[in-house]
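The lines below spell out each chain.
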Amino acid sequence: MLKNGIKETIFLEKAKRETTRVGFGEGLLLAGEKNRQVVALSADLCESTQVEKFKIRFPESYVEVGVAEQNLVGVAAGLAHLGKIPFAASYAVFSPGRTWEQIRTTICYNNQNVKIVGSHSGLTVGSDGATHQALEDIALMRVLPNMTVLSPCDYLEARRLTLLAAEWQGPTYIRLDRDKTPLITTLDTHCKIGQAETFWAPENNQKATVAILATGPIIYKALIAAKELLKGKIEVEVINFSTVKPLDETTLIRIGKNIGKVVTVENHQKAGGFGSAVSEFYSQYLPIPMEILGINDQFGQSGTAEELLEYYGLGAKDIIAAVKRILNR
Amino acid sequence: MSLPSKEQIKALKTLCTKIRIEIIQMLLAAGSGHTAGPLGSVEEFVGLYFGGSVKYDTSNPLADNRDIVVVSCGHYAPAYYAVLAYAGFFPIDKLKELRSFGSPLQGHPHRGELPGVETTSGPLGEGLSQAVGMALALKMNHKKNHVFCLMSDGEQDEGNTWEAVLLANKYHLDNLVVIIDRNNMQISGTTEKVLPLEKLADKYISFGWETMEIDGNDLKSVIYALHKAKNFKVGPVAIIAKTIPGYGVKFMENKPQWHGKAPNAREAEKAIKLLSE
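Same order as they appear, the protein sequences are chains B and W. For the first sequence, the numbering used here assigns the number 614 to the initial residue and increments by one for each residue that follows. For the second sequence, the numbering used here assigns the number 9 to the initial residue and increments by one for each residue that follows.
Derived from the structure by calculation, the hints contain no laboratory data. Note that CB positions come from ideal geometry on N, CA and C, so glycine has one too. Nothing false has been slipped in among the hints.
Stretch-level coverage of chain W by chain B, calculated; a stretch enters the list once three of its residues show a Cβ under 8 Å from a Cβ in chain B:
#1 112 to 123
#2 141 to 148
#3 169 to 177
Using the sequences and the hints, build the whole thing.
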């Protein structure tokens with residue numbers, strides 16, 4: 614059953630949807646109202662990254678750098694050096710894609726308090742096609758020392774994590790989506806950097822046989838899978854990892870010891886992504902069977918979000934199949 | 009701040025020679041590093057830290073009212089470190105630790121390791137972006153301090169540099185002064201052979217910058233240009249400082265092979281003898 618303030622209405626056909634980038638845009642505005650040191654930078658994508666609201670409210674704290682992503686993050690590092698809290702926003706393919714080395718040197722090694730915001734991540738960018746679908750950004754960012762990696766699962770979590778990121782000291786990456794996705798969390802859902810949260814668990818403290826660990830809006834598919842699996846009397850626990858780095862090891866240990874079988878789900882390459890991070894932990898400290906669901910060393914293509922998730926094996930039925938596979942291992 | 013007197017300039021010229029000898033000794037001790045660029049840039053560093061235009065306080069390196077020096081060309085570390093030490097940021101004695109394990113004198117400068125080092129550099133073409141960000145932050149805070157940024161001419165190959173050049177013009181950053189060490193040399197040969205940069209001054213002018221061309225090995229010219237640039241009512245300002253790579257050591261001057269290597273004991277001895285004459 615759903616936990617943590619999440620309501621059954623999320624499964625309704627007409628469940629409300631909104632993008633995580635809109636949540637970010639609102640969170641950024643609130644962060645600016647809370648702390649005047651917050652500044653925002655855009656590389657000619659002010660509207661689609663949702664920096665617009667902040668720009669209108671705080672024009673003097675807004676920097677438009679043009680289509681120049683390398684400069685976007687370098688200028689952000691300079692602003693942070695003098696105490697500003699810069700949010701540098703672009704599409705994830707361009708930043709952190711194109712800007713990786715600048716982020717490495719001028720933000721991570723330099724340890725500057727810059728927030729990199731990468732919108733349009735994952736296959737769900739849809740019709741723009743493979744060039745604009747960032748499937749590698751979690752890997753690129755989590756490999757950098759000093760970097761915190763956030764991947765909100767819905768509009769509200771994106772808004773809350775943006776506010777938390779403004780108060781969090783140090784380089785931070787926030788991964789966002791283009792597409793409208795179901796509103797899952799409520800104000801009653803716990804939200805804290807570095808802490809994973811259970812969204813679904815068996816009723817009456819029964820034991821789950823498989824844990825599904827997910828990051829980003831794709832967790833919705835895991836919740837649908839959990840509901841379906843329950844019909845066949847398969848009890849699972851679904852856990853939301855809104856922080857990919859640092860990984861919530863306390864939760865990983867609990868899951869590893871109590872459940873012992875893990876499926877991970879992400880809208881990202883399998884190599885180097887969230888599942889990869891989880892497996893780095895388990896393979897070293899608590900070896901257990903794992904199934905990693907993600908994109909299998911391929912590029913995306915044009916299509917609707919649903920068509921693409923199904924084609925690349927990230928639908929609810931694929932999660933159900935992975936749970937059944939791992940139960941037989 | 010006022011311009012140095014004739015006598016002061018004379019004393020600073022002696023300091024330049026001392027710094028060059030220091031650089032040779034540091035590189036000899038380290039066994040690796042860049043020689044030609046640092047030797048050629050000594051007047052630029054001395055001009056910045058001893059010429060009176062850059063405001064700093066060695067007892068409080070992060071003071072709010074300081075001017076900020078961004079050294080974009082991190083491979084100039086030997087000259088940068090030597091001048092910081094002589095300016096009083098840390099003991100001169102530390103210079104012999106260049107590039108050694110556990111030392112704050114990292115192969116390329118790293119923020120937080122040494123007092124006076126404002127930012128990490130080494131990968132080329134990233135310093136100007138940061139300097140622009142700092143200049144913007146000062147403007148947002150209504151502060152009058154200046155940002156000075158030293159770049160090598162090789163860094164003019166980088167697209168990242170020109171992105172920052174465009175943005176500095178957009179925001180009319182009159183609190184930003186850039187010195188380009190125009191020594192015509194990069195690791196594989198002359199700049200004009202590797203990737204032609206001329207007419208470099210015209211490029212900056214057409215990008216909306218105030219531009220000066222000076223002899224970068226003439227200390228007085230460097231000091232005067234920095235004062236003039238700082239007092240310009242418009243900006244940003246680019247000072248294209250023509251220098252000779254390896255300046256002061258004849259057998260190293262204008263030789264690409266001295267870009268990225270350190271002298272051995274015999275070469276160092278010879279260099280120090282030439283510098284001491």
